[in-house]
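*Asks:* Now for the letters of each chain:
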Amino acid sequence: MAAYYRPQTSPREAALQPASAAICFIDVQVFNCCSTGAMQRDLPPAEQAGEARRHFMQRVEECKPLWASLQQACRSAGVEVLYTVIQSLTMDGRDRGRDYKLSGFHVPPGSRDAQVLDCIPPGPDEIVLPKTSSSVFLSTPLHYLLQNLGVRQLVLCGCVTDQCVEHAVRDACDLGYLVTLATDACATHSIQRQQASLAAVVGYCRQRTADQLVQELAEAHPA
Amino acid sequence: MAAYYRPQTSPREAALQPASAAICFIDVQVFNCCSTGAMQRDLPPAKQAGEARRHFMQRVEECKPLWASLQQACRSAGVEVLYTVIQSLTMDGRDRGLDYKLSGFHVPPGSRDAQVLDCIAPGPDEIVLPKTSSSVFLSTPLHYLLQNLGVRQLVLCGCVTDQCVEHAVRDACDLGYLVTLATDACATHSIQRQQASLAAVAGYCRQRTADQLVQELAEAHPA
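These protein sequences, in sequence, are chains A and B. When we follow the working numbering, the leftmost residue of the first sequence carries the number 1, and every step to the right adds one. When we follow the working numbering, the leftmost residue of the second sequence carries the number 224, and every step to the right adds one.
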């Protein structure tokens, strides 16, 4: 049989079915999203004053109400809500992947920097996964968990659009999930980086705004 | 080139080098090792009185000082000490693998049943991994962590010899670790099951008693 290229987009474009959907908020935490978090606080002065930081912090502010509305809409619809946070399992971070060791990311367990932002505090029975890799799948049992939860459709958002979020889109797609990216609920350091990232993964995921997803969930069949 | 079968045992027989070794205590916890733990408490009366339970609880008692001495020897030698416990991530256990759902194992997060036994209480900077599968590798980031910690030699012990421990030996061997099984620090429900398990995995691991390993660690180069 001859090789072929026949992309099928219809399954990926399907609206969310709450019983088999989940949302994962990626790295929405104090470490990187708050001016008092180490990633912001430890920036060299030149970068502290730079446009990239200003833009990112502004995007975080814009995302906060969108994150909150997505969380609420998912909870109401019975969609499983999960979170990843950059967080080591040891005080000295010896358990981190090489990329994090080289990148200088270390968030000790139990630290304030590990906490998910107050705008979307995890519920008492929601899963928060510490991660020490760019990929949300490599250093956490996320794939295993999602399979056990019967998840087929995965909504992703958070930080940083073109880094951990984009990596998650690609990995999730490879692992067989139907991925939806909540585009305006993803934050990065410039408009150019945002647009480049969304364009790069357009073939891996369905892209919707947070408001569109909230509406879709409100109209969905109950879980 | 013709196929061949030339087993090489020498790397696996090497003594532990603390800097690249770790020990993992598998499922040494209240749930299954204490009469007040759910796995023992919820046994039907006939099984509560049966020989299998009596034998297992006796083996646990015999293992306690061996587990403690192994833990101490590893700590003194600078060998990383890790633990797995049967423990779900959600209160209703929806995150568990199908095997655990069918087997009826559920240990809620934060419950007393999830706690490692007092005889080997984990240190404040030692990693305890919740698992919801037979394999210690499938539902935890153990492999990722061990690689990041530079571990090449993995010592295994705990419960149950012919179940989760044996599974771990096989998986660890496949993943490239040089496995040492601390034979008398593994507990199961009968002498026959113990002997059958050790024989089954004789080709996957080096087998030593806890005392032999404690002696080996005492003589090892410092980490």
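Heads up, some of the hints might be wrong.
Stated by the list, open to error - Computed Cβ-Cβ distance ranges for the label pairs, DEER-style:
#1 76/A with 281/B: 32 to 42 Å
#2 118/A with 434/B: 31 to 41 Å
#3 176/A with 264/B: 51 to 61 Å
#4 163/A with 441/B: 56 to 66 Å
#5 418/B with 6/A: 37 to 47 Å
#6 413/B with 200/A: 56 to 66 Å
#7 348/B with 124/A: 21 to 31 Å
#8 124/A with 281/B: 53 to 63 Å
#9 54/A with 441/B: 28 to 38 Å
Unchecked claim - Not close to chain A: a few residues of chain B, all C-beta gaps over 12 Å, as computed:
#10 315
#11 316
#12 319
#13 333
#14 338
#15 348
#16 356
#17 362
#18 413
#19 422
None of these hints come from the bench; they were simulated from the model. Note that the coordinates shown come from a computational prediction; the quantities given were computed from them, not determined experimentally. We put the beta carbon where it would ideally sit given N, CA and C, even for glycine.
*Asks:* If a hint holds in the structure, say so; if it does not, say that too.
*Replies:* How the hints compare with the structure:
1. 76/A with 281/B: 32 to 42 Å: 53 Å, violated
2. 118/A with 434/B: 31 to 41 Å: Because 53 Å falls outside the window, the suggested range is violated.
3. 176/A with 264/B: 51 to 61 Å: 40 Å, violated
4. 163/A with 441/B: 56 to 66 Å: 46 Å, violated
5. 418/B with 6/A: 37 to 47 Å: Hint violated: Cβ distance 57 Å, outside 37 to 47 Å.
6. 413/B with 200/A: 56 to 66 Å: For residue 413/B and residue 200/A the Cβ distance comes to about 58 Å; the hint holds.
7. 348/B with 124/A: 21 to 31 Å: At 26 Å between Cβs, range holds.
8. 124/A with 281/B: 53 to 63 Å: 39 Å, violated
9. 54/A with 441/B: 28 to 38 Å: Violated, since residue 54/A and residue 441/B (Cβ atoms, about 58 Å apart) do not stay within the stated range.
10. 315: Given that some Cβ of chain A is not farther than 12 Å from that of residue 315/B, nearest at about 8 Å, it is violated.
11. 316: Answer for residue 316/B: violated, closest chain A Cβ roughly 9 Å.
12. 319: About 6 Å separates residue 319/B from the closest Cβ of chain A, which leaves it inside 12 Å; violated.
13. 333: 10 Å, violated
14. 338: 17 Å, holds
15. 348: 5 Å, violated
16. 356: 7 Å, violated
17. 362: 5 Å, violated
18. 413: 32 Å, holds
19. 422: 31 Å, holds
Violation of the numbered hints given earlier is confined to hints 1, 2, 3, 4, 5, 8, 9, 10, 11, 12, 13, 15, 16 and 17; the remaining hints are satisfied by the structure.
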